[in-house]
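J.: Chains as they are written, first to last, in this note's numbering: chain A, 32 to 420; chain B, 32 to 420.
Source of the hints: derived by calculation from the structure; they are not laboratory data. The structure displayed is predicted, hence computed values, not measured ones. Glycine included, each C-beta is placed from N, C-alpha and C at the ideal position. Certain hints may be false.
[What the hints assert, rightly or not] Reference listing, derived: stretches of chain A covered by chain B, where coverage requires no fewer than 3 residues with Cβ under 8 Å from a Cβ of chain B:
hint, region
1, 40–49
2, 90–100
3, 107–118
4, 133–146
5, 267–275
Number of protein chains: 2
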Amino acid sequence: MSVSIKNKVALIGGGVIKFGELFEKGFFDMMTEAYLNCLKSVDKGINPAKEIDAVWYGTIAGPSTGATVAQALGLIGKPVTRLENACATGSDTFRNACIAVASGLYDVVLAVAAEKMLDRPGGLIQAARFFPPYPWSYAITMPTAFALYYTRHMHVFGTTREHIAMVAVKNHEHGFLNPLSHFRRKITVDTVLNSPIVSWPFTLYDCCPITDGAAAAIVCKADLARKYTDSPVYVVGNGLSSDPAFMHLRTSFTSFPCVIESSRQAYKMAGITPKDVDFAELHDCFTGTELICYEDNGFCKKGEGGKFIEEGIPYLGAGKPVVNPSGGLKSHGHPIGATGIAQIVELFWQLRNEAGERQVKDSHIGLQQNVGGAGPQVCCTNILSNKKL
Amino acid sequence: MSVSIKNKVALIGGGVIKFGELFEKGFFDMMTEAYLNCLKSVDKGINPAKEIDAVWYGTIAGPSTGATVAQALGLIGKPVTRLENACATGSDTFRNACIAVASGLYDVVLAVAAEKMLDRPGGLIQAARFFPPYPWSYAITMPTAFALYYTRHMHVFGTTREHIAMVAVKNHEHGFLNPLSHFRRKITVDTVLNSPIVSWPFTLYDCCPITDGAAAAIVCKADLARKYTDSPVYVVGNGLSSDPAFMHLRTSFTSFPCVIESSRQAYKMAGITPKDVDFAELHDCFTGTELICYEDNGFCKKGEGGKFIEEGIPYLGAGKPVVNPSGGLKSHGHPIGATGIAQIVELFWQLRNEAGERQVKDSHIGLQQNVGGAGPQVCCTNILSNKKL
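Please work from the sequences and hints to get the whole structure.
T.: Quick look at the structure:
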């Protein structure tokens with residue numbers, strides 16, 4: 032009975048700020064900068080006070096009410112809904128903005144997100160309200176939780192410590208080409224292997240950084256898109272799924288069921304297979320997460336993620352799909368709520384052939400995905416294309 | 032260009048738990064109880080694992096990921112989005128569930144909310160992340176913020192201390208008839224006037240209690256409603272608006288612009304005027320808030336809220352609209368995120384003639400509304416009817 036929202040929503044603008052340790056910028060400084068960049072990216076211009084009908088705002092640690100965002104962006108009076116979904120906050124904020132446009136209720140919707148992770152009293156951990164009886168209350172931290180998966184993957188499939196070091200090397204190579212990256216430097220497999228252990232097998236260079244950042248995207252009804260740009264990007268698929276919060280209820284430690292289900296929903300809506308994806312922004316919070324996501328998104332067979340990276344397939348200018356041309360969470364950075372929308376903006380640039388040195392050639396379909404929780408608990412996927420599918 | 036979602040969504044089930052100081056119940060105990068009550072209320076039954084397509088989950092202080100909710104309710108794998116919007120969290124969660132159904136993407140959506148306010152480390156204030164430069168960081172607490180409005184209202188319009196005491200008396204009279212109320216007792220104007228001052232003119236009995244609670248509602252596509260019940264309730268209007276977060280940017284201290292704009296959107300969608308509303312669940316976080324909301328929702332003229340209550344209009348069995356037949360936040364209770372969905376459930380019962388002793392006779396249209404923030408910053412309104420309008 033349900034009706035797909037495929038092709039009904041168009042992305043007409045996107046903006047981010049340079050990610051990093053932004054002690055000099057406040058939460059709303061960052062958000063406003065991303066928002067203004069986003070407005071500027073709308074080719075034929077937009078009058079935000081008149082034309083933006085509603086806002087979905089994503090954050091983990093930012094202010095509770097949407098009103099603070101309306102005030103900061105000069106959109107007082109507008110409907111603003113605040114949304115949160117662990118590390119999938121940004122992608123789910125974008126998904127909610129798309130659903131709102133598809134409902135017909137609003138013509139133009141802003142999805143905006145920011146995260147100040149480095150200088151808040153109590154920091155992100157306090158803000159994210161990690162309390163019993165969830166696994167992270169019992170000293171299972173993020174790297175530990177994801178390491179439990181990759182160690183099992185190594186045991187079952189023979190993937191190696193080196194395979195995930197290659198993921199880090201690749202993403203830093205891509206991120207080096209991105210002027211907005213938090214860590215814009217190349218590394219080698221040896222850099223990764225010889226850096227301090229965080230939670231075996233993850234060393235410092237297997238873990239994404241703690242990043243401040245903000246991102247914004249504007250979507251509208253597909254039939255209004257040409258009013259704003261001659262190069263709209265269409266939302267062709269999305270999906271959201273959940274896994275158990277408790278470790279003892281998880282059904283697999285070599286795959287992420289919520290990733291499989293979320294991408295299944297998105298592929299089904301788009302009417303495509305994984306082979307049709309030209310490039311993907313995947314969730315490399317830890318290198319092992321990206322490797323397992325190659326498999327769970329169907330980019331290679333289960334257990335062959337190691338082979339996939341070893342053969343150099345996900346590198347820029349190599350095979351298909353290219354994975355994390357932006358540099359990923361590893362090099363570009365991971366300001367939780369903002370990450371997903373920044374990935375959407377990367378898709379916007381890539382699909383409009385505006386990604387400069389890191390442009391994926393002849394790309395028509397991009398996939399964006401966040402995995403959230405201590406180990407996978409939530410996964411949100413969006414698929415975009417530069418033509419209606 | 033935008034298309035109303037009027038009549039497209041039907042409410043087919045609703046459940047709450049008895050509100051109160053529920054030290055004996057955990058967050059998910061409360062939520063599960065409300066959810067099971069909600070399932071039982073679906074007249075012709077529902078198979079949640081098969082038929083609930085997605086969940087929107089509202090909370091201020093509860094767990095960050097939707098996955099925890101999916102796990103608790105036996106809905107692992109389903110899309111669950113967590114939403115927050117200060118005291119309007121519940122109404123906006125319901126609004127988002129309705130938008131999702133109206134988009135066509137999902138046939139049946141659960142809106143669920145819970146709030147554990149009394150026994151968390153750090154409590155609600157920590158969880159809600161009140162940090163500078165917002166007014167509440169400078170010792171402007173919730174009662175103080177709303178008192179600034181009612182004192183100005185008294186000065187400009189000659190409303191009195193007694194007028195708002197009558198609001199408290201009315202809501203306790205209604206709440207006495209509600210077996211689910213937190214404070215199920217009648218009070219007099221003298222009780223209110225002689226109780227300790229919290230922030231003048233508000234005394235203890237002008238302030239809603241700190242309440243634990245949970246609530247759940249199930250919506251579906253209107254054309255599927257008869258599969259689940261012969262007495263569906265239709266969503267005919269909704270609206271969301273924001274006011275400045277900073278006190279010095281507020282444009283009025285005798286009215287709440289976000290309430291005016293939010294109800295304007297909802298009335299416009301429903302194609303009705305305030306005179307058509309048979310009863311309303313309004314936001315009496317403080318008695319003065321309810322009084323100002325009489326005016327800003329158009330139930331009486333600006334400045335005549337005092338006369339409106341003095342003439343006994345909003346009392347059960349008296350005039351129209353009856354305001355807060357449930358007992359309101361004052362007597363029924365105010366578990367932040369859950370409050371709005373509990374109001375929706377009250378509308379469900381009233382519009383199906385199932386409200387027992389507190390039934391509003393011959394009611395066809397009910398309005399539900401939450402105001403959030405330190406003083407009004409956000410307002411969300413939903414209008415429901417037992418027939419398509």
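J.: What hint numbers does the structure not satisfy?
T.: 1
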